[in-house]
Each structure stands twice: as C-alpha cells, then as structure tokens.
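Join the two chains into one complex using the hints; note that each chain is given alone, in its own frame.
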Amino acid sequence: MIEGILIGLETALSLKNLMMVMIGCFAGTIIGMLPGLGPMTAIALMIPITYGFEPSTGLILMAGVYYGAVFGGSTSSILINAPGIPGTVATSFDGYPMAQQGKAGKALAIAAYSSFAGGTIAAIFLLIAAPSLSKVSLAFRSPDYFGLMILGLTAVSAFSAKGHFLKAMMMVVLGLMLASVGQDTLSDIPRFTFQNMNLSDGISFVLVVMATFAMSEALTIIFKANDPTRVAKQISLSQLGSIKLDKEETKKMVTSIPRSSVLGFIIGVLPGAGSTIASFLAYGMERNFVNDEEKQKFGKGSVNGLAAPETANNAACSGSFVPLLTLGIPGSGTTAVMLGALLGFGIQPGPRLYQTNPEIFWSVIMSMYIGMVILLILNLPLIPYIARVLATPRTFLIPLILFFSVTGIYLMSFNNFDIYMMIGIAVIATILRLYDFPMPPLILAFVLGGLMEENLRRSLLISDGSWTFLWDRPLTIIIMLVIILIVIWQIIKSFSQKTR
Amino acid sequence: MKISPSKIISLLFFIFSGFYLYTAHQIQVFTFDENAAFNAKTFPIYLGYAGLIFSALYLILPETRHSNVDLKVLDYKKTITLVVLMVLYGLTILRVGYFLSTSIFLVLSYIVLGERKWLWIFLLSFPFVAIFMYLLHGLLNIYLRDPFLQFIGVMG
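Going down the list, the sequences are from chains C and B. For what it's worth, this note's numbering labels the leading residue of the first sequence as 1, then goes sequentially. For what it's worth, this note's numbering labels the leading residue of the second sequence as 1, then goes sequentially.
One chain only, chain B, in its complex shape (with noise of 0.2 angstroms):
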C-alpha cells in the first residue's frame, strides 16, 4: 500500500499536535488560577486536540485532490546549499558582523545559482550592503554590531 506524502505529513501533523497538547497539560498554572474557567494552559489544550481532530480527519477520510510533484525533477544540491549558507551567515553575523557576513553570503549566494558576471557580483555585494548599511546606520541611527569594519577603524 502506497501512502501519498500529504497523509504522511498529515500523520507527522498529528503526532505533532500530540506532543503539544501533552506538553500544554504541563504548563504551569498558578493555584489559584487551576480551576478557573481560564487559564493559561485552556487555548493551548483547546487547540492540541483542534490539531489531532483535523490530522486525523485528513488520515481517515479519502483525498478528494492528489498533489502531485515529480521528485526527480526537483534541484536538492542547489537548495541544500542555499540553506547551508544561510545558516553559515546567521553563525557569522555576529562575531564577523554584518557587512563582510552579508557580502560573503551574497557573492557565495550568486556563484551557487550560477551567476558569473563578476562585476555584477561584486557590484551587488560588497558596495550594495555598504550603501545598504549607511541607510540604515548612518541615516536611520539603527545599530548594527560591526566588529571587522570597527577592527579597520571605519565604524565607531
């Protein structure tokens, strides 16, 4: 028997919604508030069990619309990548900081896709996030936690 990927996530769904509603019974309440016709804890409870009636309907009942998506012609490498980066530039936009961060992320960004007009990509990244990052420091007084351009002596 083949299970189609939307009951699978359906049924991930409802394990989900489990798991909420069983960690929404331990939400703390004080106890004063345990039996009042509210608390913290009775939306949450409310929607855990919304959650499994609404994953289990979709398990039970037949499907009325199949969505169909050919896996093979999906690109995995170039996704994958992508989100890897972003997850690479998250982890340095702290300690590296924003500009030398961002413009790393958008010449790699770029090259990932297959840009080669190299001009373009330099254009596009590091004098863009400069001019990016003046609107923003310069004239909007918006912090923006710099230690490279600061270690160069061009941020204060």
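Only chain C is shown next, with the shape it has when bound in the complex (with noise of 0.2 angstroms):
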C-alpha cells in the first residue's frame, strides 16, 4: 500500500497535474456558484477536454472540479439562498440566515474551513480504510436503504420544520409526488405525464430547486418588501462582516467538525446515499449534540448548522469515491459521471484496480487532499470578493436570480415549458413558504423519490410483496426504531407545546 501511496503523490504532484487540481477547483467554483451549474454538469462539460489527457490527469481535474463545485455551490447558498446542488440545501438552511443577520464573511469562512476540515479527514480515512471499508457498503441491503431514506427524510421534516411537523411531512409526500412523475424507470410506463411529451422524461432537479429556492426566495423578498421585519433583514443583508472567527465560534466549528466528517465518510460510502443525505443527516445529529441555547439558533444562523452539513458533504463527496473506485458502483449522480468518464478511458473500476491501475487509484486519492488545500488557498482570500455580490441593490439582485434561475433550465432543456412549470411550481412554493410549509424536505424527498421507489420496489419483490422486510434484518430493525423514536418525539413536542 504504502508504494501505492508513493506512486499516486508522485503522480499528483507532477507539474502538470498540480496545474489541472488548481484549474479545476477554480473552475469548478465559478460553475458551482452559479445556480443550476452544479458539479455533474461541470464535470460534465470536463469530459470533452479530458479525453485528450491521460486517464490520471483527467480524473484530477474532474475530482477538483468537484470539490470546487461543491464549495461554489456552498457559497451561492450561503449569499443567495440558492443552493446549486442538493448536497449543499442543508447549507442554506443557517449561512443564508447568517448572511442575513451581515455575517456573509463569516458563514462563507465557516464553510470554506469547515469544506477543507471534513475533505480532509475524509481523505485520510480513503486513504486508510478504502479497501476494507468496501465491505461495509455491501452490509447494507434495499431494506436498509429504504429505511435510511426514510429516516433522512423523517430527520429533515423534524428539524428544518421548526414544530411544524405535519406540514413538513406533506411537502415530503409532495415531494415524492414530483419524483413520481414521468416514465417508470424499470417498465417505461408514462406516468401523471397526461399525454404530454415534455413530462414523459419527468422533472429535473434543478428545475425544482430553482423554482422553490432561488426563484421562491426572490419573489418572496419582493413580495414581503413592505413587512417592516423584512426589510430590517434586507438592510443588514449589503453587511459583508468579518471573514475572522472569534474564540467562541471556532470552539462550536472545531467541535462540530470531527463527528460531521466521521459521519459524512460513512454514508458517502454507501452507494446511492451521497452528500445530501450525508449533510442533512449531519445537521440533524448536530442539532441534537448541541446544548439547548444553541439548539435554539438552528436555523437562524447556528455557526454548528452551519459548520455540519458542510463538513458532511465535503465527506460524503471522498467517502463517494469508496464504491466508485472499489466496487465500480458510482455513489452520487456526480461521481456517476465520473463512472462513464473512467469507462471513456478504458478503465474498468472494480476490486482489481489496485493491482491494474494503482497510479490511478492512488493519485486520485492524493490528489483529493491536494485539492482541498488550493480551494482552500484560493477561496479563502478571495470571499470577501465573492462576497460582494451581497452589495448589489435588490433592484438589481432580484432579477438576475430570476435571469439565472431561467437561464438555467433554458440551457438543460431548450424549450419553454420547463420555463412555465419552473414559474408555476415558484408561484405554489411562494405561498407555501408564506404560510411556513418548509421547502427543504420538498428537495429532500423529490432527489430520493427514484431511489426510494427502486429500493421499495426490490425489498417487496424479495419479501413477495410483504412488508415483513421492515424487521427482517437487525439494521433495518435499528433504522425503523430511530424513525419512530423521532416520530414519537415530535407529537410529544406537539402536545407540550400545546399544553404550554
């Protein structure tokens, strides 16, 4: 192993290959930022360009592009409250509030280092336990996965609600409803598309993303212009702040960041789990290891809400890297991407990559941790920059969301009836967001609707179509009892929240 590693740093730290981390997490930054560009549409658009590189070369620019998405997309969370890929909505959830309050520096510092804490660890534990950490992955069955989507989305519902449980739990259904929509995946059947071709390849994720966060958000801001509270909030929002930590906030952030990347690593690994699970998952934990004063921020700009979900997803993105490399199995749509971009080269990902391409294997895995310090380096003095775009007048912010927000889906799709429905679904998410219906589980359950049906679909073909699966295996057991457990926990909240 240890002649591995020599030969993946001398790989990733030739010229040329530093050269294409540095490119590829400034680029994939830009992109990133940019609402409705996340990270497989970067990596994406690296696939022409690196079919002329060797195959190591062009993994490393894709794996820095990736983190430099994901950090983008961190960002245009934090100052926009538009998160550009699902694994950064937790994000949103205390930066944009932190922003909000005129602390965007900081939020932006807390995810830049939080980022950079969590890729890191992770990339220590790749390094480590990659080969024996494979087997973990297989434990896990559709049971189990079904179970843990549900336990991700009962843990959203319960956390981001703020005591509004049940409508939470609607705009889950809702968002599955969504997911639900367009050909069956196994038998091509046409489903709630009414005979209309633009749905039969369903909705994209973006188009949805953009409609209940970007476009909701701007509207929103518009339409509550007169509420004396919201525009103390505006005002403060041109507030860069300080990108320093003080004491305090360091202590939360240095306490968080352990558990989150530990946390992050484990279900980055499981295939089909990814970053967003892993970051929602992570503010969840976070809200209940916290004590109760700090329990109270969350959502209103907690420098631990903050800190989780980032350092979760940083995680989750090199703990994703397990199965694609070990098993050939991608573990998020981002590194699915990566998946046909190792088979354009000719590589075959698997258990034997070690001995076939250990050049490969390892300078990918080198070139992780080279990569989180250049978007380190390269972020850092640059936010208060990035940050700027806070100081536009909202006469300008607003429609330039709304530009990008079209833009977006005009440039996946050319035609415009995703524009329409996009603007239909921002209307209904408005007045949804007006009255406290929370949008995060909405995003949650329509990113899990297709592997949740997938998984469902297995275990009920295994059990015959009973549902027995729910307490056949111990893991399963164990996931059921915490979903219940957070179920039974709310409707006490409920009852003592009434009875108060």
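Accuracy of the hints is not assured; some may be wrong.
[Claimed, not checked] Which residues of chain C face chain B? A few of them, derived with a C-beta cut under 7 angstroms, are:
hint	residue
1	166
2	170
3	222
4	453
[Stated by the list, open to error] One-sided and incomplete, this derived list gives chain C residues near chain B with beta-carbon spacing under 8 angstroms:
hint	residue
5	176
6	297
7	465
8	494
Worth flagging that the hints you see were computed from the coordinates, not collected in a lab. Keep in mind that this is a model prediction, so the values were computed, not measured. Where is the CB? At the ideal position from N, CA and C, for every residue including glycine.
Below, the structure is given as structure tokens:
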C-alpha cells in the first residue's frame, strides 16, 4: 500500500497535475456558484476536454472540479439561498440567515474551513480504509436503504420544520409525488404525464430546486418588501462583515467537524446515499449534540448548523469515491458521471483497480487532499470579493437571480414548457413558504424519490409483496426504531407546545 | 368560524392527493405485471394514501403554531408584474432569441422594481447578456438559439 501511495503522490504532485487540480478547483468554484450549474454539469463539461489527457490527469482535473463546484454551491446557498446542488441545501438553513444578519464573510469562512477539514479527514480515511470500507457498504441491502431514506426524510422534517412537522411531512409527500412524474424506470410506463411529451422524462431536479429556492426566495423578498421586519433583514443583507472567527465560533466549529466528518464519510461510502443525505443527517445529528441555547439558534444562523452539513457533504464526496473506485458503483449522481468518464478512458473500476492501475487509484486519492489545500488557499482570500455580490442592490439582484434561474433551466432543455413549469412551481412555493410549509423536505424527497421507489421495489419483490422486510434484519430494525423515536418525539413536542 | 390559511392549503392538498391517487389507479401496467408484488403504480398509490393521511391529520388536529401573515403589507403589484414578465420571457426566448428577450426582461424587471440608474440598467442588461452569451456559446460551446442575432448576422 505504501508503494501505491508513493506512486500516487508522485503522479499527483507532477507540475501538470498540480495545474490541473488548480484549474479544476477554480473552474468548479465559478461553475458551482451559478445556480443551476452544479458539479454534475461541471464534470460533464470537462469530459470532452479530458479525453486528450492521460486517465490520471483527466480524473485529477474532474476531482478538482467536483470539490470546487461543491464549494461554489455552498457559496450561492449562503449568499442568495440558491443551492446549485442538493448536497448544499442544508448549508442554506443557517448559512443564509447568517448572511442576512450581516455575517456573510464569517459564513463563507466557516464553509471554507469546514469543507477543508471535512474533505481532509475523509481523504485520510479514504487512504487508510478504502479497501475494507467497501465491504461495509456491501452489508447494506435494499430494505436498509429504503429505511435509511425514510429516516433521512423524517429527520429533515423534524429538524427543519420548526414545530410544523405535519406540514413538513406533506411537503415530503409532495416532493415524492413530483419525483414520480415521468416514465417508470423499469417498465417505461408513463405516469402522470397526461400525454404531454415534455413530462415523459420527468421533472428535472434543477428545475424544482431553482423554483423552490432561488425563484421563490426572490419572489418572497419582493412580496414582503413592505413588511417592516423584512426590510430590516434586507438592510443587513448588504453588510459583508468580517471573515475572522472569534474564539467561541472556532470552538463550536472544531467540536462539530470530527463527528460530521465521520458521519459524512460513512454515508458517502454507501452507494446511492451521497452528500445530500450526509449533510441533512449531519445537520440533524448536530442539533442533537448541542446545548439548548445553541439548539434555538438552528435555522437562524448557527455556527454548528452551518459547519456540520458543510463538513459532512465534503466528507461524503470523498466517501463516495470508495464504492466508485473499489466496486464500480457510483455513490452519487456526480460520481456516476465520473464512472462514465472512467469507462471512456477504458478503465473498469472495481476491486482489481489497485492491481491493474495503482497510479490512477492512488493519484486520485492523493489529489483530493491536494485539491482541498488549493481550494482553501484559493477561496479564503477571495471571500471578500465573492461576497460582494451581497452589495448588489435588491433592484438588480432579484432580476439577476430570476435570470440565472430561467437560464439554468433553458440551457438544460431548450424549451419553454420547463420555464412555465418552473414559474408555476415557484409561485406555489412562494405561497407555501408564506405559511411556513418548509421547502427542504420537499427537495430531499424529490431527490430521493427514484431511489426510494427502486429500493422499495426490490425489497417487496424479495419478500414477495410482504412488508416484513422492515423487521427481518437487525440493521433495518435499528433504522426503523430510530424513525419511530423521531416521530414519537415530535408528537410529544407538539403536545407539550399545546399545553404550555 | 374562521379557517386558517394553513388549513385551507391542507384541504387543497387533500383534494390534490385524492386526484393523484385516482390518477395512480388509472396508470396502465402490463397484463403480466397486474398482480405482481410491485408494479408501476404501487409506489404512487402509497404516496396518494400518505398525502391523504397527512393532510387529513392536519385538518383534524388543532394547530399548535399559527402562521401569522399580514396580507395587507404584501406587495402584490410588483410580484404579479414580475411573474407576468417571466411568463413573457419564457414566451419570447425561443421566438425572439436569447439575447434580446433576456436583455429586455432584465431592463423591464429593474424598472418594475424601482431602479432608475439608467447607465447601470443598460450595463447590466445588453452588454452583460452579451458577455454571458459569449461565455456559454463562444467558450463552452453551448448552443443558444437566437433568430435575432442570426438575422443581423452576428451569429452564424
């Protein structure tokens, strides 16, 4: 293994590959910042460019783009509440309120440090434990995945709804309903398309996320422009604030990073789970670890609430390379694109990759760490410049957000049906937000809908239509018990609120 | 008796879930799949029931937290105008082309929101869109249909 690491280090530290990591991180940050253009699009755009390169160089460039885009996505989440990718939705829960309080600089610095720490710790885990961790991921079966997804949705509903658990659960169902539109993945039978060709491929994630976050946020700002409490928020939005963290903030961040890294990495290793579940679960877990005073700050600009999902999503990015490199199973949509690129290079990822192409396996792992360092060096000094977007007056910022949202969708489909659908969803989302129907559970449900159905399908087919698969395996039982505990806790909380 | 807006939304969601469930039952599956443990309509049917249950629970149970929204302070005029502008933008983007429709959308949106700095309005519309288009079309090779620019001979 030592020999492999040295080969990887030598490859990753060559001048050409170092340049590639730098270019990748920078390009990824810029592309990831644009709402609608996430890491998947960024990597997809890189594929034709990398075909002329050696496989390791091409993969190093794409790994840099991946990390850069994730960080860029966090930036747009924090500054304009427009997560470009699902993995940074949880970042906006506390990052955006911090920006509204005039602490955008601090929020971006926390995101940069947490991403770096999470990515670094996970890269070390990956280095040490990659071979054995692939066995852990194999222990999860379809019922466990199905349970894990319900757990993620219940946890998000419980934590993000601020006392509106039933409203959050309705949003979960709505998200899953939206995800069910389009052709059934197995039988290709059209569902809820109403004979409209534009719906046969389903509704795109970018469309839903742009409509429910960026667009509805922009419309809400205008809608509530005369609200005295809202005006106060908008005034402070123009302040950047310092990027220096005080002792207490650093302490909070430092306590949050290790546990979120471990959780993020483990979730990232599970094929299909990816950075989205990791960031949401880390957010929920962090809320349980902190004291009551800090708990009250969640959703209003908590340092822990921002550091945890940021650490976890980057750790999960590293973790998702484990099933990709060792099993050939992508852990997320982005690694699925990378799998396509690997196959394009003529490399079949799997357990034999160590033996056949050790320089590729280890150089990608080593370049991840180098990418983290470069990302921190590049982005920290640039934070004041990046955050200047906040100084843009609302009269310019709102139309620009709407323009980026529409452009993001237009570039994907080149038809105006998607634009109309996005406007429709944005208007509904604006009304729902007005009455405290939370959007994050809807987004997570939408992302997980397809996977959830797939795992339920497998579980039911294996158990011949019986729901006993939910308590057949100890691992599934544990997951189901946690879900029941969360629901009971929410019921008790509702009753205690009512009697108070 | 006054019904809260949240309850009205839940009632609408209840009706929507009922319609979704009805439509789910109408999904045509293959004959050999009709009695299978899982087919294309199984998951949507569960979702329909889940929607009915959650919305019914919200309607039946007393509200623990009320969402207080002062409808009088909301700016309907600007919001609706922006939505209409977006619809018009969607309508013209393919026919007129990306450059002109986007630039006009931006100019009108700035004005609707009360901006009167004409130089900035100009800079952040036509030249801004031109640079953005160059990045997409010229550098990233992302095709953008633009009959207007083709007509004046700027785009091939």
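The hints, checked one at a time:
no.: 1; hint: 166; result: holds, 5 angstroms
no.: 2; hint: 170; result: holds, 5 angstroms
no.: 3; hint: 222; result: holds, 5 angstroms
no.: 4; hint: 453; result: holds, 4 angstroms
no.: 5; hint: 176; result: holds, 5 angstroms
no.: 6; hint: 297; result: violated, 19 angstroms
no.: 7; hint: 465; result: holds, 3 angstroms
no.: 8; hint: 494; result: holds, 5 angstroms
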